[in-house]
Amino acid sequence: MQKPRIGIIPGDPSGIGPELVAKLLAQDEVVEGADVLLIGDDHVFAAGAKVAGETLPLSPLDARDCDWNAAERFALHIMETIDAKDIEMAQVTKSGGASVLSTLDEALRLAQDGVIDGFMFAPFNKASMHMAGLGHDDELHYMAERLGVTEYISELNTLDGMWTSRVTSHIPLREVADVISEERVHEAVFLIDKVLRRSGLARPRISVAALNPHAGDNGNFGNEEIDILTPAVQKLAETQMAVDGPWPSDTVFLKAVAKEIDAVVTMYHDQGQIALKLLGFDRGVTVQGGLSIPVTTPAHGTAFDIAGQGIAEAGATRAAYDILCDMVTNWDKVDVA
Amino acid sequence: MTAPIALTCGEPAGIGPELAARARAELGAACQFFWIGDPRHLPAGTAYAEIAAPEDTGAVPPCTLPVLRQDFPNPAVPGQPDPANAPGVIRAIETGVALVQSGQAAALCTAPINKKALIDGAGFPYPGHTEFLAALAGVDRVVMMLASEQLRVVPATIHIPLSEVPHHLTSELLRDTIRITATDLRHRFALDHPRIAVAGLNPHAGEGGAMGQEEITWIADLIAKYDDPDLTLTGPHPADTLFHAAARARYDAAIAMYHDQALIPIKTLDFDRGVNVTLGLPFIRTSPDHGTAFDIAGKGIATPTSLIEALRMAQRMADAA
Chain A
6 MQKPRIGIIP GDPSGIGPEL VAKLLAQDEV VEGADVLLIG DDHVFAAGAK
56 VAGETLPLSP LDARDCDWNA AERFALHIME TIDAKDIEMA QVTKSGGASV
106 LSTLDEALRL AQDGVIDGFM FAPFNKASMH MAGLGHDDEL HYMAERLGVT
156 EYISELNTLD GMWTSRVTSH IPLREVADVI SEERVHEAVF LIDKVLRRSG
206 LARPRISVAA LNPHAGDNGN FGNEEIDILT PAVQKLAETQ MAVDGPWPSD
256 TVFLKAVAKE IDAVVTMYHD QGQIALKLLG FDRGVTVQGG LSIPVTTPAH
306 GTAFDIAGQG IAEAGATRAA YDILCDMVTN WDKVDVA
Chain B
9 MTAPIALTCG EPAGIGPELA ARARAELGAA CQFFWIGDPR HLPAGTAYAE
59 IAAPEDTGAV PPCTLPVLRQ DFPNPAVPGQ PDPANAPGVI RAIETGVALV
109 QSGQAAALCT APINKKALID GAGFPYPGHT EFLAALAGVD RVVMMLASEQ
159 LRVVPATIHI PLSEVPHHLT SELLRDTIRI TATDLRHRFA LDHPRIAVAG
209 LNPHAGEGGA MGQEEITWIA DLIAKYDDPD LTLTGPHPAD TLFHAAARAR
259 YDAAIAMYHD QALIPIKTLD FDRGVNVTLG LPFIRTSPDH GTAFDIAGKG
309 IATPTSLIEA LRMAQRMADA A
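Sequence order for the protein chains is A and B. Take the first sequence: its letters are residues 6 to 342, numbered as in my numbering. Take the second sequence: its letters are residues 9 to 329, numbered as in my numbering.
No lab work stands behind these hints: they were computed from the structure. Source: prediction; values computed, not measured. Be a bit skeptical, because a hint or two may be false.
Said to hold, decoys possible - Between beta-carbon pairs, the in silico distance windows are: (1) B:E157 with A:I311: 27 to 35 Å; (2) A:M136 with B:A232: 23 to 31 Å; (3) A:E188 with B:P133: 53 to 61 Å; (4) B:A232 with A:A207: 39 to 47 Å; (5) B:P133 with A:F309: 51 to 59 Å.
No residue lacks a Cβ here, since even glycine has one placed at the ideal position from N, Cα and C.
Extracted from the complex, chain A is given alone in its bound form:
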């Protein structure tokens, strides 16, 4: 059986990304379970290894021209995206952002060309990417455009087997209630159901969070539960999906902690993010939901406050890598029509 072919890009060279990649690849079971292709500059990966105190044997090649997965531990698809002298640790720089966009573009092309099955990216710095010309709100929308994806896309967040998606994301709180609709709820539920099945769960158990305190308390504290959320959930429950709700959002996450459910569909950004970050601040993983290829990343950022010190924790990176491997393995087994 063919191993998953996993691409890895180092993220912003000014942050902890290259260090995390070196720490990840130092784990034997990581390189044994998949064929790993690093995508980027050899000096960036080498610098990360030096910070991490690891040795990273790099054998550069062009992955399109050869049988790259014959490499002993992992292969390096060599690129030149940034001069070593232009890397300023722990700084927002245009050159760092440009390097990220170049490696990201190449990873997307390699996946589209069938050279890799999916990829993980180490943390990006959005401000650097915007300086380098990123015109989209975030990398997810950028990737969707590059891949020609026109369907619903959304970031999914996961920690220790507990998943969340959200119906609204980076919008002002005062606009949240206006955006909630049955259709949006359905899209969010369908997406997380699809992604969870693609990561190996046969029948994901999904709970929908309420919008208002105490789930509206029978209309005393808001009507969206009665008017929108309850009918939306009932329609989904009439299909074969294991979905319930709307649940008061102050206790719904405890159901996930207790493993009674796999996922919570949240109504707004902080509803899910407060719970996830509180339970595992630096261990969460973000899955780029809705793309035509599997893409994951650790949920934390470039951590400029500790970049270059060798003390970054690679737990979230490992979790992002493991989820990516699960997604690649199950991707084509699932009927997502």
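Fit chain B to the supplied structure of chain A, relying on the hints for placement.
Only chain B this time, still in chain A's reference frame:
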């Protein structure tokens, strides 16, 4: 020897009386409280002793519930509030307030009431328990704090639809919330120079206006200009990174902008150990974080964890005063 804590009976048809008996059995003399209510409402077989005044509490054996007796017209039927008993529920609260205001009780802990039962039986004119206490104490504004071993958090707005939060959240409300919280952290929690962290309203605290304007139009300014030399006030902080362990170590209380921004962290951290503390009253008041639970009342299956934590919190606050 400090004075004991006064515990009101709450709705007699709910789980209040049985939890009082169980709390005494578990706490013994470690946390001295007396119960204001009708002994007929206690579960059959409860060991109790009537006291003439709060000061007699200490003389009651540890496994016996000290009861400051207040007769109600009728016995209680679990799950079925009796309108004739409604005035008694209110009177027990009034008695508790009078005792804590006179210093005979060190703190007030209240068992849950059922608002509908009080409206039906006594024309109770207040939106809730807390508003009634504020009226009895003659104060205009109180705030609700949720507190556990791991977190103290104060929601600036509470039981309103999420869509109305930005309209209710005014600079006056936020300033009052900060002031009352800071004052009571000093007086009730013995924190001479408290640290308060204020959450943002919008995701990423608005991210410079990209995801909402309230932070840049007034919240940040209010915090920066808030004038209290004995307070360290920070924010607005992105709410999603305000509640993990390292962040919690940086403040004594967080102020949240809406109900679930406060309740998600406290319930996720300490599901049944969080208690309500009312700040801004001229006395200490705590309460368990559950309702009358009519569906399980009288079955002996209600857990006293939250009431016990509420009593312990009242004791700690009384000791800090």
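Right, here's what the structure says about each hint:
1. The hint said 27 to 35 Å for the Cβ distance between E157 (chain B) and I311 (chain A), and at roughly 29 Å that hint holds.
2. One distance hint, 23 to 31 Å for the beta-carbon pair M136 (chain A) and A232 (chain B), holds here, with the actual separation near 28 Å.
3. Take E188 (chain A) and P133 (chain B): their Cβ atoms lie about 43 Å apart, and the range 53 to 61 Å is violated.
4. Taken as a hint, the range 39 to 47 Å is violated for the pair A232 (chain B) and A207 (chain A), whose Cβ atoms sit roughly 53 Å apart.
5. Taking the beta carbon of each, P133 (chain B) and F309 (chain A) are about 57 Å apart, inside 51 to 59 Å as hinted.
Of the hints listed earlier, those the structure fails to meet are numbers 3, 4, in rising order.
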